[in-house]
Amino acid sequence: MKLFPFGHATHPQWPMAAGLVLAQLRAQMALPEYTPAPTLGLLYITDHYAAHAKDILDHLAAELPEVTDWSGTVGVGIASSNVEYFDEPALAVMLCGVPADRYRVFSGVAPLGVGDGMGFEPHTALVHADAGTPDVAELIGEMAARTATGYLFGGLASSRGPTVQFAVGGNGNIKGHGAASGVFTGGLSGVAFGEGVALVSRVTQGCQPVAPQREVTQAQANVILTLDGEPALDVLLADLGITLDEPQAAMATLRATLVGLTAPGADAVARTGSFGADVVVRHIIGLDPGRRGVAIADKVEPGMRMAFCRRDAQAARADLVRICAEIREELEPEEMSLPVASALAAPDPRAAPHPARRIAGAVYVSCAGRGGPHFGGPSAELQIVRRALGDVPLVGFFAGGEIARHHLYGYTGVLTVFS
61 MKLFPFGHAT
71 HPQWPMAAGL
81 VLAQLRAQMA
91 LPEYTPAPTL
101 GLLYITDHYA
111 AHAKDILDHL
121 AAELPEVTDW
131 SGTVGVGIAS
141 SNVEYFDEPA
151 LAVMLCGVPA
161 DRYRVFSGVA
171 PLGVGDGMGF
181 EPHTALVHAD
191 AGTPDVAELI
201 GEMAARTATG
211 YLFGGLASSR
221 GPTVQFAVGG
231 NGNIKGHGAA
241 SGVFTGGLSG
251 VAFGEGVALV
261 SRVTQGCQPV
271 APQREVTQAQ
281 ANVILTLDGE
291 PALDVLLADL
301 GITLDEPQAA
311 MATLRATLVG
321 LTAPGADAVA
331 RTGSFGADVV
341 VRHIIGLDPG
351 RRGVAIADKV
361 EPGMRMAFCR
371 RDAQAARADL
381 VRICAEIREE
391 LEPEEMSLPV
401 ASALAAPDPR
411 AAPHPARRIA
421 GAVYVSCAGR
431 GGPHFGGPSA
441 ELQIVRRALG
451 DVPLVGFFAG
461 GEIARHHLYG
471 YTGVLTVFS
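For the record, in the sequence shown the residue sitting at position 313 is 373 according to the working numbering, with numbers rising by one throughout.
Note that these hints are calculated values from the structure, not bench results.
Built from N, CA and C at the ideal position, the CB exists for glycine as well.
Hints should not be assumed to be uniformly reliable.
[Unchecked claim] Pair ranges (Cβ atoms, derived): (1) P72 with G336: 28 to 38 Å; (2) E386 with D348: 23 to 33 Å; (3) A160 with A281: 23 to 33 Å; (4) G210 with R447: 29 to 39 Å; (5) K114 with G429: 25 to 35 Å; (6) I345 with T245: 19 to 29 Å; (7) E275 with R86: 54 to 64 Å; (8) G429 with P324: 24 to 34 Å; (9) S479 with L199: 27 to 37 Å; (10) P125 with D348: 58 to 68 Å; (11) A83 with P324: 33 to 43 Å; (12) K114 with R220: 12 to 22 Å; (13) Q73 with P362: 28 to 38 Å; (14) M76 with D147: 17 to 27 Å.
Please model the complete structure; the sequences and the hints are all you need to start from.
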């Protein structure tokens, strides 16, 4: 698989930004190492452009008639290779060189696996969702169950204005789109990929446990009543070393504390002092002094495990480097010459990815609460990714919740590469 053409730009007027992106795409498509005639486009825009979503999609589709299928969404920030655009008008596009018979675009108008008549079996899926959709977490679980592997990757659209998604299936393989404009609000949309599309995906956590892991022994709805048989509120106060007799100090600590929640039998701690991939982080939304309980922003059941945690920039940085290293290790050949090994061990960020790494393109979805500021400077998060993987084609967005497998995460990053 050849490299995926990609481009990104910012400008107060979207036609100017689109023109800059199109120039980048056309220049790359003329190069032998890039896919010359891709049919699938991924489009991400910041919320400054949300009101112009249909015009942007129509313009790109008209300028790139060979691209018959589109997917994407809006974010308060978007990402590309080595750059993040926050609080400014910007768009990013990647044209994926995936054979047309190995993917399907889906939306609420044309649901996944309904009436395509082509015998397509989804193995994985890139999913964009609207956080305002009722029971969105359950819908994500149902979507994962429609794929052969159960693996999804993506995130919830984030916007200070209209929350839009792009979904166009124009190659005739999907029934139901009809005269739909390709711009949607609400529900889920995205791209399902077949067995022949090789993907490697990893989740990076942005929080660090600050107390031992405990078992939920009694709960009601979203209120944890007891942990390891002890009143949950008492455990919380003891773990954090605070007292309600000093309310101002206690509230400052509580506002910075979250809960890492794990289903029974799932992977809670993969590495010493760090969360595993099955941990979902949720806010503490209240205390129940009468029942000595702790209310969190999710349903809780006895048998779950949890640990109180805090967002930690140093831990987030180290974990991001870790997942990039895991992806590199999985894609590199087991045996290689010394020059190739040296090139892969210390990649030049300015150089195209080495053929031995076989990364055609990447999608990175990070939490809107992460990004450069959390990592120490503008674009710092994407610079970490670039230093680890090289200058690979990459697009993505900063989400209101991140999707990996059947989970809906918070404060995480989901990095997926096409190989």
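Okay, the hints, checked on the actual structure:
With their beta carbons about 44 Å apart, P72 and G336 fall outside the hinted range of 28 to 38 Å. Distance hint check for E386 and D348: the Cβ-Cβ separation is about 41 Å, which falls outside the suggested range of 23 to 33 Å. Restraint check, A160 to A281: a C-beta distance of roughly 46 Å breaks the suggested window 23 to 33 Å. Against the hinted window of 29 to 39 Å, the Cβ-Cβ separation of G210 and R447 comes to about 32 Å, which satisfies the hint.
The hint said 25 to 35 Å for the Cβ distance between K114 and G429, and at roughly 29 Å that hint holds. Take I345 and T245: their Cβ atoms lie about 27 Å apart, and the range 19 to 29 Å holds. Our hint of 54 to 64 Å for E275 and R86 holds, since their Cβ atoms are close to 57 Å apart. Evaluation of the 24 to 34 Å hint for G429 and P324 yields a pass: the beta carbon distance comes to about 28 Å.
The given range of 27 to 37 Å is respected by S479 and L199, whose C-beta atoms sit roughly 29 Å from each other. Separation of P125 from D348 is about 59 Å and conforms to the stated range, judged on CB atoms against 58 to 68 Å. At roughly 53 Å, the beta-carbon separation of A83 and P324 lies outside the given 33 to 43 Å, and the hint is violated. The given range of 12 to 22 Å is respected by K114 and R220, whose C-beta atoms sit roughly 19 Å from each other.
For Q73 paired with P362, a C-beta distance near 56 Å fails the hint of 28 to 38 Å. In this structure, M76 and D147 meet the distance hint of 17 to 27 Å, their C-beta atoms being roughly 18 Å apart.
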